[in-house]
Amino acid sequence: MTEPTSSHPDGPPAREGILYLGIDLGTSRTAVSASNGVRASIASHVGYPKDVVSRKLLGQEVLFGEEALEHRLALDFHTPLAKGVLKYDGEGEDGDLRAARDLVREIVRRARPRPDELVYAVIGVPSEAGFKNKDAILEAARDSVDSVMLCSEPFAVAYGQDMLDDVLVIDIGAGTVDLCRMHGTMPEESDQITLETAGDSVDQRLAELIRERHPEAQFSMRMVKSFKERYSSVADQMEPALVEMPVDGKPTTFDLTEEIREACRSIVGPIVDGLHRLIASFDPEFQHRLRNRVLLAGGGSQIKGLDNAIEREMAQRLGGGRVLHIEEPVYGGAEGALKIAHDMPAEFWQQLS
Amino acid sequence: MPAHDPPDPPDSVESLSGRLLAGQGHRVRLLGRATVVLALENAVREVLAHRLGVEDPDLAEEAVIETREAFFRHLAGRGRPARSLTEAGLEEILAEARRRLERSRDEARERLAELERQLDEQRRRIAGEEESRRRDLDRALDPERSDLAAELRRRFRAAGLEEPRHQRLLAELTGLVFAELRAASQQVAELERARHEEELARAERRIARLAASLETAERNLRRLSEARSLDPGLASIYREVQGLADEDDLADLKREMLVKIFEANLRLRQRRRPDDE
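Taken in order, these protein sequences are the chains called A and B.
So the first sequence is residues 1 to 353, counted in our numbering.
So the second sequence is residues 1 to 277, counted in our numbering.
Since the hints were made in silico from the structure, they are not lab data.
No experiment lies behind these values; they were computed from the predicted model shown.
This list has only true hints and no planted wrong ones.
Now the in silico label distances, taken between C-beta atoms and shown as ranges:
1. LEU242(A) / GLN270(B): 55 to 63 Å
2. GLU208(A) / LYS260(B): 41 to 49 Å
3. PRO115(A) / GLU197(B): 51 to 59 Å
From the three backbone atoms N, C-alpha and C, an ideal C-beta is built for every residue, glycine too.
If we strip away everything but chain A, and leave its shape as in the complex, we get (with noise of 0.2 Å):
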């Protein structure tokens, strides 16, 4: 980050200081990165305590994250993004949309900002969100911050590693799968492909396997996702999975290295697939270019040997390609996000706001 001492000469003076945000609004987590120097992220779940009594109980109106998991039989609980996609049809104050507000005012809060501080955003939604579902992130974020733009989040990704010509990114999130083919442009529809085969899927078909393979095995999707997120790998060889579910009340131990494997593999077959459509359809010239700067990104992209498996099965259908993963997965949507906020010119930030 460049240090505060150029100002735009295309702006007001802001005599009270500007802190800009990325946001990367996601299903399963909520990231913020902020020009104070703040990182926060908190897992994408919001809670109301049901009545007065688990209101005495938890002490608070509102939990989030973790605590609100933790709680959440006590709670009206919210993960407003599900699949990548907050629903509001733009009448009244819809559950989810409060659930959205909130966790945008909570995600902001953490940033940190100053009281005397103008707050300007960039929030990463899903490369195909539709209009309605726009609306209601910014219906979502108008109350927490002065002025507010959205740009797709794998866009942001690119933007991010200063990767915007010829490359694909593959940002992998809970609820869906971005592709983005970056070519010197700014990105068209049909240069965007959403799947919904992402970390929720994988979560899906790992609990098939295990009710398949271990039908005495008494397990919550919470618990699945637990062990997929410790022990995620489509590597051939991997860390033997030996995890705990109870049978018939009692603890027992089971091995689902296989089940995990097949499960997380699950995913690589839909992303070439996207990826093929998105090279076949570009410029025969450059289609070489884009095959060999394949980014991977979002929590997702963290399953171990994931950018093998996907160079293995590119190599076995497109003749070939290259995958190379960002440093920071969880930060990497809100780090483009901030980065595209602070270069955005002063005269937009104040007509949006």
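Use these hints to put chain B onto chain A, whose structure you have.
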């Protein structure tokens, strides 16, 4: 020059709802900021070219930029965003909120104490009434002490019905009459008790509601006290809006992309508020 000078602009800018003005019969046309800025820039160019004879395009462009900057500066001075409060302003708001909450808490406490006193009095009164009624009934329904039983005995005597069989009949008759009277009195007593219970429950409900509101006021006060020690935040490293650095290797490409992001967001905003333009 126009025949009459236009009126001076007002010193303060009021925020008025377009719907409200329209409702009052005014014609309302809202303009987006982009439109206003464009009109302003064109007006500056026009005046420079036609009235002042400035033909140098660079000079004209400099004047346009300066005008735009000044415009935004004045605009920013007019309508300070709600978020950009000074710390002193925030303290003042917190102090006022605290005063209001303390007032409403004290009122709620007083009212609660008064209601609890009334409830105690009501309970004592009801208990006294019930005890007195029970004593009257016990007396009225005791055949040995009852006036009614004495009257029956007197009438039997007056009619000369004093043989043992008449006395048995009198005893049976007295038993039947008093059984009916006891049943009827019990019904009346139950109705009375239900009425009293409802009366007490109503008072207790009022007290519970007031106690809940007192608790809310106290909770809000606690929260407000905590707000005194709120994280003052961490200052951004930027005091001014930055913008893309000219020395950035990808400056041209990025500028073009930023414009497109902005335009897409502007379209989104206009679609949200179709009558904004």
